[in-house]
Structures are given as C-alpha cells and as structure tokens.
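**Q** Chain by chain, the residues run as shown.
4 protein chains.
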Amino acid sequence: MSKERHYTLTASCPDRVGLVAKVASFIAEHGGWILETNLHAEPPGPLAPSGRFFMRFEIRADSIPLLLTELRERFAPLAESLEMDWRISDSAVKKRVVILVSRQEHCLYDLLSRWHSGELDVEIPCVISNHEDLRGFVEWHGIPFLHVPVTPDNRPAAFAEIRRLFEEVGGDVMVLARYMQILPPELCRAYPARIINIHHSFLPSFVGARPYHQAWERGVKLIGATCHYVTEELDQGPIIEQDVIRVDHSDTVDDMVRYGKDIEKTVLSRGLRYHLEDRVLVHGNKTIVFR
Amino acid sequence: MSKERHYTLTASCPDRVGLVAKVASFIAEHGGWILETNLHAEPPGPLAPSGRFFMRFEIRADSIPLLLTELRERFAPLAESLEMDWRISDSAVKKRVVILVSRQEHCLYDLLSRWHSGELDVEIPCVISNHEDLRGFVEWHGIPFLHVPVTPDNRPAAFAEIRRLFEEVGGDVMVLARYMQILPPELCRAYPARIINIHHSFLPSFVGARPYHQAWERGVKLIGATCHYVTEELDQGPIIEQDVIRVDHSDTVDDMVRYGKDIEKTVLSRGLRYHLEDRVLVHGNKTIVFR
Amino acid sequence: MSKERHYTLTASCPDRVGLVAKVASFIAEHGGWILETNLHAEPPGPLAPSGRFFMRFEIRADSIPLLLTELRERFAPLAESLEMDWRISDSAVKKRVVILVSRQEHCLYDLLSRWHSGELDVEIPCVISNHEDLRGFVEWHGIPFLHVPVTPDNRPAAFAEIRRLFEEVGGDVMVLARYMQILPPELCRAYPARIINIHHSFLPSFVGARPYHQAWERGVKLIGATCHYVTEELDQGPIIEQDVIRVDHSDTVDDMVRYGKDIEKTVLSRGLRYHLEDRVLVHGNKTIVFR
Amino acid sequence: MSKERHYTLTASCPDRVGLVAKVASFIAEHGGWILETNLHAEPPGPLAPSGRFFMRFEIRADSIPLLLTELRERFAPLAESLEMDWRISDSAVKKRVVILVSRQEHCLYDLLSRWHSGELDVEIPCVISNHEDLRGFVEWHGIPFLHVPVTPDNRPAAFAEIRRLFEEVGGDVMVLARYMQILPPELCRAYPARIINIHHSFLPSFVGARPYHQAWERGVKLIGATCHYVTEELDQGPIIEQDVIRVDHSDTVDDMVRYGKDIEKTVLSRGLRYHLEDRVLVHGNKTIVFR
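Residue numbers (this note's numbering), protein chains in the order written: chain D, 1 to 291; chain E, 1001 to 1291; chain B, 2001 to 2291; chain G, 3001 to 3291.
Calculated directly from the structure, the hints in this document are not laboratory data.
Each hint should be verified, as a subset may be incorrect.
[Unchecked claim] A few chain B residues facing chain E, derived, Cβ under 10 angstroms: (1) 2106; (2) 2114; (3) 2117; (4) 2137; (5) 2250.
[Stated by the list, open to error] Restraint-style ranges between C-beta atoms, simulated for each label pair: (6) E:1155 - B:2142: 47 to 55 angstroms; (7) E:1155 - B:2117: 22 to 30 angstroms; (8) D:44 - B:2252: 52 to 60 angstroms; (9) D:16 - B:2142: 39 to 47 angstroms; (10) E:1142 - B:2121: 25 to 33 angstroms; (11) G:3170 - B:2233: 49 to 57 angstroms; (12) G:3044 - E:1164: 42 to 50 angstroms; (13) D:255 - B:2117: 35 to 43 angstroms.
Computed from a predicted structure; not experimentally measured.
The beta-carbon is built from N, C-alpha and C at its ideal position, and this holds for glycine as well.
All chains, please: the whole structure from these sequences, using the hints.
**A** This is the structure:
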C-alpha cells in the first residue's frame, strides 16, 4: 500500500448513455489525476430493469485542490441526478478492523503478520474472542484483547456487548477469522456488507458444520474456502472470494483440515483486502470485485 | 502410452499384516519386473471394519514367462485366501470405449483428437447419439455413428437398444460426453463403475440442470466440472476427477458456458484415462485414484 | 460471442488529466452505449516518461447513428490531439485467421473445434503446413489446406510464399499452432503483434528446443505453456497468456509432453481470443491484456 | 500429525526383480502393520544404468515388538545385500529445525503459527538472524533468538559460528526462511539435502537477485516460488516444491512482491513438511517427493 495518497470514488446507479463521460468530466474539471479506473455494466435483470452501472476511480489526492468534504459536496448533486449509491474514501484515513476469533489461530496469525509488516495498512482497535487462548499473542502486538464469552444462556447479551464494543471503537468492518459462533440476525442486519466471514468450504457445497467431514464423505477431489459477507441466512451471503486446493483418496479429514487452513487464510486476506480498498460492490446477493 | 507391454494387477481386500509381502512375493516368484506400484490403506470405517487395502501393480509382460490366463489361474488361490476383489489386464488388449453424445461437440472433438494422435490408445467401436449433427465428424474418423433417437415416448426402447449395441460391440466402458439424457436406473445398475459422465459443475454444487445458470445466480468465483461414475442417483456417483476455473462479475452465463467447456473436456479426458489405465478403484461411493 | 454487434475502440496515449473524460464525452455525444470499458494507467518509466494510458471501449453499434468510417473520421482529430495510437473495430467484420501447423494436431483440433461450434467466430481462409498430414482433417471442415514445404534449402522462398499467401487471403493474424519452424526476421518484422505463437514451456524458462526434456532434466514441479507475439528474437516476444500444470517425479518426458498439450491448446485459444477481441495492447515488450 | 506413532523406512537402491517382495516380507516377518507405502522405479539413465528404486514405508510402531535400534540392526544385512541407501526414523523423535531469517517476517510468522498450533510437530531449538528485528516475536514463542551479524568483512567467521550453533543445538535441518545471505560452499557441502531454501521465483526463471523485478520486466502472467535444497550453485539445487499465482499488467512490482509472499510461505511450509515426514529422496539433482 505504498501508493501515493488517493481518493477512491465508488458508485453504482442505473445504466444510461453518458454516465462515464459525466463522472470522468467531473473529475477532470477538478484537476483529478486518475490512477486506476474500474467499470462494470450489469445487463438488465430482475434487480435492475435497465441494467446497473458500477464504477470505481482512484484519484491522486494532491491533484485535487479541495478538501475531501468539499469534493463530496460538489459531487453530491451529480450523484443525485444519476440516482447513485456512492462514497468517496481517503487512503490517508485507515479503516478500523475488528477481528473476532475463537481458538483457532491460523487466520489470526496471518492477519497480524500482514498488519505487523505494514502490508495490511489498517487500525485494529481490538480483537474480540469467546476464549482466552489467543490473548497473549494479540497483546504482544500491542492490540487490546477483549474476552466476551458466549454461552447458550448469554447469547443475546454477549452479542449486544460485541455490538457495543464495535461501535465504541468505531469499527468499519468486522472480520470473523474462524469465529465459531453464528451471529444473531439483528447483528447481521445492522452491518450489511461490513461483516466478513471465512467459511471452510467451497460454497455452496457443504454449508454449515464440519464441511471437511462432508467433503471427505462425498469424496471430492478439491476442497476450498469462501470469503463472504455475512447475512441473516447462514453461509448464504454475497461471495467475495474463493479458492480451492487438490486432495485425493490418501488424505484424511485431518489432512483436509490442514490443507484447508492454508486456503482459508489466503482467501480471507484477499477478500478483506478487496473490501478495504473499496473494490467490492454489492448487487443483490452477488458482488462486483474490481481487482 | 508408449510404455512397453505390461500387465496391470489391481486388487482390494481387507487390510492385514503381510499383504504387500504376499502379493509382491507372488510377483517376484514369477520373475515379474514391477514398473509401477500404488498402494493405499483405507483406515477402518463403516464400510470396512478392519480397514481395506487397495493395490495396483504394473508388471512388464515380457518378464513373466506365462500366458496371462495362466498367471491369473496361479494368482486366484492367493487372491481367494485374501478375500480379494481383483483383476489383471493386459496393455496389449485395447479397451473398447463407446461414446454417447448429443449435439455439443467439444468433448467429442477432444476425445477423437486424442484418439487420432494415438494418445488415447483404445478402440472406439462406435459413437451413439440421439441426434444426427455429429455424424459427419465421427464418420470422417472411420468410426461408425449410430443414431438412436430418444423421445419422451420411446425411452425404454431407446435405452434397451443402446444397451444391446454396447453389448454387441463388446464395450468395456461407456462415456457420456455431454450426452444430454438421464440414463434409466436399470442401465446404471447393469454397468457399475463402467459408465463415465462429465457433469458441468463442481459437484456437489449445482446438481441437475443448468448448473452454469445456478453458478451465475449464486455468484461463485470459480466454476468447475466433475467426471464421475454413473449410478442410479443423478450426479451422485463416485467422483473420479474435478477441476475449476476462475470467473468474475464480468462473466455472463455464456462466458461461463464457454470457460466450462475447457474444464469439461480436460476433466473428462483425465478421468477416462485414469479409468482406462486401471487407476480407479471404487470403495463405497468414493474412488481411490492412483495417479 | 453472441453479444450484440459492437464497435471496439482501443487506444493508448501519453497519460494526462482529463483523458477519460474526453473520450467518454466523445462517445456520449454520439449516443454511444458502452457495454464494457477497460482502462489502465501505466506509471512513468523508460518507455513513457509521463506514463501511458491504455483504454478499450465496447460500444453498442446500434446506439451510434453513424457509419463506422464516419465515426472514425470524427474521432481522428481528438485522437491526434491526444497523440493516440488507436483503432476501432466492428464485431460484424470477422477477423481472418491463418493457421500454420506442422504434424502435431492437438492445437489444430482444438481451434477447429471452437470454430466449428461457432465459439471462435472468425474466418479461416486457409491452413498452411509444411507437411501433408493434416490435409484431410482441415479439408473436411471446408477450409483450404495449403502445403508449403520448408527445407534447409528453400527457406527464403518458402517464407516468401507464406507471406504472399497471407496477403492474398487478407489475413489479419497468423497463428503458429505448434508450427515447428522458426520464422525469418523479415517476416516477424512485417507483422508486429499479428503473429501469435504457442511455446511449450513457461517462458522465460526453457527457451528453444525440447523444453519438456529441459524441464524433466531440471526436475521442476510444474510445467507450462506460453502464448506470445512473435518477434525477431526467438521466444522473446511479448507474452499474452501463460498457464501451468503440476507434474511429479513419476512423470516421464512423454507424460510431460502429454500434459503439456492440454496446457498448450488452452493457453493458445485464450491468447488468441484476447487478441481477436482487441483485448491485447502492446507496450514495449509487454502486453496489457484487458480480460 | 495426529497419526499413531510410526517408523518410516526410506530407501533407494539399484532396481531388480523381487525388491518389494524382500522388503515387504522383512516387514511382515516382524509383524509390521504398514500404514502407507510409496514406491517409485526410476528408469535407467546416466545416474543409474539399470534403473533405481525408491521406497518409503510407514509402519505402526506398536506392531513391531522390537526396539528401533534392534529393527535397524536386523534390516542392515538385507539393505547391504541390496546396496541400499536407507534410514528408519521414528515419529516419536521430533526433528530439530533451525530457522535462519533476515528482516522479512512472513515466512517466519507462517512457520511459527504452524508450530504454535501443533501442526508443525518439531523442535525449534533456535532462530538465527543477521538482524535484531524479529527477536521479540521469536522470544515471545519461548524460542531462543541468536543474532549472528553478517558483514562483508566477517562472512567466514559468521558462517562458522552458524555452523557451530547448528551442531551445538543438534539441528537436523536448516531452513532459510527468506534469509538474505548466500551460504558459503563449505556450509552447503556439509549438509547435503539438509538445508532448505525458499527462492522467490519459479525456478529456473529469474535466478539470483530481485526476481520480482525480473518477472515484471519480462511481463510474465504468473509468478512463483521454489523450495529447494541448497547446493553450492546458487538457486540450482534439487527442487522440492513450487507453485505460482496469476498476475497481470495492472500489478506493480510491489504487488508482485506481496502476492509472492503468499506463495513463498505456502511453498516453503509444504516443502519443509515433505522433508520432515521423510517424503523427499534425492536422486542426482532431482527429488522424488512421495506426497
């Protein structure tokens, strides 16, 4: 993330002639130097009768002689006239990532490794866990570790507490890094496209518990992992990223679990990165990912 | 397949101490020069309480001064004492592959390309189709093309005819190369582990019709294909081989169909090859594939 | 390629503020409905001191009430003012692909399979070969097969003839589908970025002859293939597409050759498709590929 | 690595009839229950005129009522008669892995993550580095961190010290986890097939320094990493494992470095695991890897 400071404009709106011209002209009129552009026209379908257009512009911050608030104000009327969903983010403002874990550490190690080396250029205001196991490792990194036990009896209170903490630390995105609890519907609803989960199967295969056992039973020749936004329906949210690895008859369930971890951490870190760089736009239950 | 002539012994039996010693000693006593050995011990499970052992030996034919029938006779008592399922095949006897197609040609082109170049070293006594479209292409290769129309009204008769033809030409294996008909249960039962299908999804995802549409709807980031033995339950038979290819939001269903074809033909040809080289052993609803 | 008829504008020019706005505005002013846009800003480097911008627009033909010649005329002044290299192609005008082969058939089968099914939506005015082996197969498809023998003695004359034929049939692109001859420099120079080769290694590893033998000797764990534009320097031209497949110690050179063929044909067909859809722009000795 | 305790016999010898029978009979006579067998016959070649046979047996320790020393003594005469290179290891004796690092942490994090979770079931007697940067992280894991500075002036003394430390802690294998120093020839010679390096390119492409820059310059479409045994010739030792990841024109050198790290750590951990499980046998400058 050594790029110069830039603003990232992401937007979607009904498709029509002249869209790119209008937005690009707006940027040009303000002197904006475009570093990267991604555009996608989704053909007409049930969700968007006339098609829907998705766009993402990275613009060098120092090429625009305005404060970001001012830029947003000036863009708002154009956005409104085009019926846009839009946002402009500033690469100088680090996103705040709250990580939830249970006992398994491979995804956490991987994320903190990237954070420690500067590759993952975010704030991690805290790690929340329903177990104490990973406290020492997290705290060694200078990150607060918050233990919120979850039991069959205290689930509503526990998740209310998690939500309170997420708000208190100003979280932008919640990452379930093999957090072995199912979030309650109201929490899912509260943060659409802001809660990212890693599921240890190649969805839609092997929804739910023990997917590697399911994969072993079925005798598949590849196993995978899926990074997706969390919605109320378990393992049904918009998929951000997936990958697979080859297995064969000689692999036990334990082997699959072990291989799977490598895929899980890679897929989670890629999906999270796409999200953090504003590369993921949601359309119905699917994602546009501008890699 | 330029290897020297060889016998391939494949067997499975309850696991016990001394198995490999007994079989390898039998081979050695007859002067057998082993070219390749593959062994797999399946741990105890519901299907095999004491575990099950799978083996495959390629032995140079000219190292054994016996006729194959004689070799088989001599092996039989040992095999019986070990409660083996076994067979010995001879690389000099080409397997007879009957291909079934409908209108789509990509898998057929691919198989005949391999056959024409000698890579696929088999007899193809005939290609059977429910349409006339591919007659010219098949006949150009000097292979008989048999048109067996299948309609809602004639299904039992049509599949009885296909079975009769398969028997008449002495088919060893039936390949459904994007044959768009569901085989009746009695045909599936008649040829266990001898009918190979290519399904255009990464099973168990997207069973049944229009899997690429299903994949597009779900927004998966990889699509795949599965080569499997046909059983009575649609798309549920033992999986031989699978592979996937990456797609993204910009790919339409048509794009997926196109990418998918490349995976389908590759996966089918690999799976068929494993089968033809006696590398696939079935255990319950799963396969051991000795690559 | 079932998309509606469209024009594809591809261009590159020195990077500057307002580029996208100018081009997109031009398109919008003419009513152009954009189906797909791809943009890439190459940072400043030795080849382009101020950076270089690459763009590709697919525009629905029926949204622009002009003849293509007229559209080109109107675009020319803008292009000139921006110092552009540019072209506009029409999806209704099929490109003319001349295929050169020797004896190996796997790439040819693969290309003709795609052509026969309509997936590869081009004209193939002829196939040229230095051997007679594949005449029957080509002619069965109704495509003229031209035999141009190449011997150590007649190379200049043979390649002059090939060039004459390519001109005569109005070839747009020449595809070396495992054509086992090295083209003379003047032929390479005559058609920059219009001659596509498939090399049977993962370049830059294993340049030159017998790459699978080289790979086997070195003991690599993956082998690959490379689709590239032909330049005067053997196997050094701009790379369009590459892929690999896993091998291991049990694979002989023959096995590698066999696996390699699957990669070769896939990589060639992908690279050719990118070229035909005007998705490949050359920058120095590298390519921008807008997939 | 939750398998029951087992002995692993690995051996290679000139190929001949009856080899498997003899070894398997030896195992059976001692009651050995075979968990996994891997065999490979290398065809005759310059290194082995009559071919060479490689084998690996995992045998349940509790099925053999002998001490391991006794088992070795009994096997020795057979091994001698067959001119074997052989060893028998005991899964209950953890191998001792000495890790060398410089400043980059991704491989170290990955290895320690696997060690901490028990997946990598070894002793790590120390981590040696030419920099102090990673001391805290290593020591947090309770592993001694030894700083051995390497400067242009002290190289012989520094590497003598490293060798002394490796001997002192009883190291079995030395892992260069992105250790940015070239080992002197005498150190390489001292530990054949016991020093493992991760090189950040898909060898033999891009030997030496700054491979990602080289890859970017050449415009390859995949980048990779290679895990290999260190020999005196830089980046020329026997390859254990390789993998690749896709890149495109939009990826800068920095992006490639970042993607590359993911491949490096995965490939290193896989290669190391193969080594630790006695799955890697060296034959000339190549490896047999019994996965």
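**Q** Each of the hints needs a verdict: does it hold here or not?
**A** To see whether the hints hold, each was checked on the structure:
no.	hint	verdict
1	2106	6 angstroms, holds
2	2114	8 angstroms, holds
3	2117	6 angstroms, holds
4	2137	8 angstroms, holds
5	2250	7 angstroms, holds
6	E:1155 - B:2142: 47 to 55 angstroms	36 angstroms, violated
7	E:1155 - B:2117: 22 to 30 angstroms	27 angstroms, holds
8	D:44 - B:2252: 52 to 60 angstroms	53 angstroms, holds
9	D:16 - B:2142: 39 to 47 angstroms	44 angstroms, holds
10	E:1142 - B:2121: 25 to 33 angstroms	30 angstroms, holds
11	G:3170 - B:2233: 49 to 57 angstroms	52 angstroms, holds
12	G:3044 - E:1164: 42 to 50 angstroms	49 angstroms, holds
13	D:255 - B:2117: 35 to 43 angstroms	40 angstroms, holds
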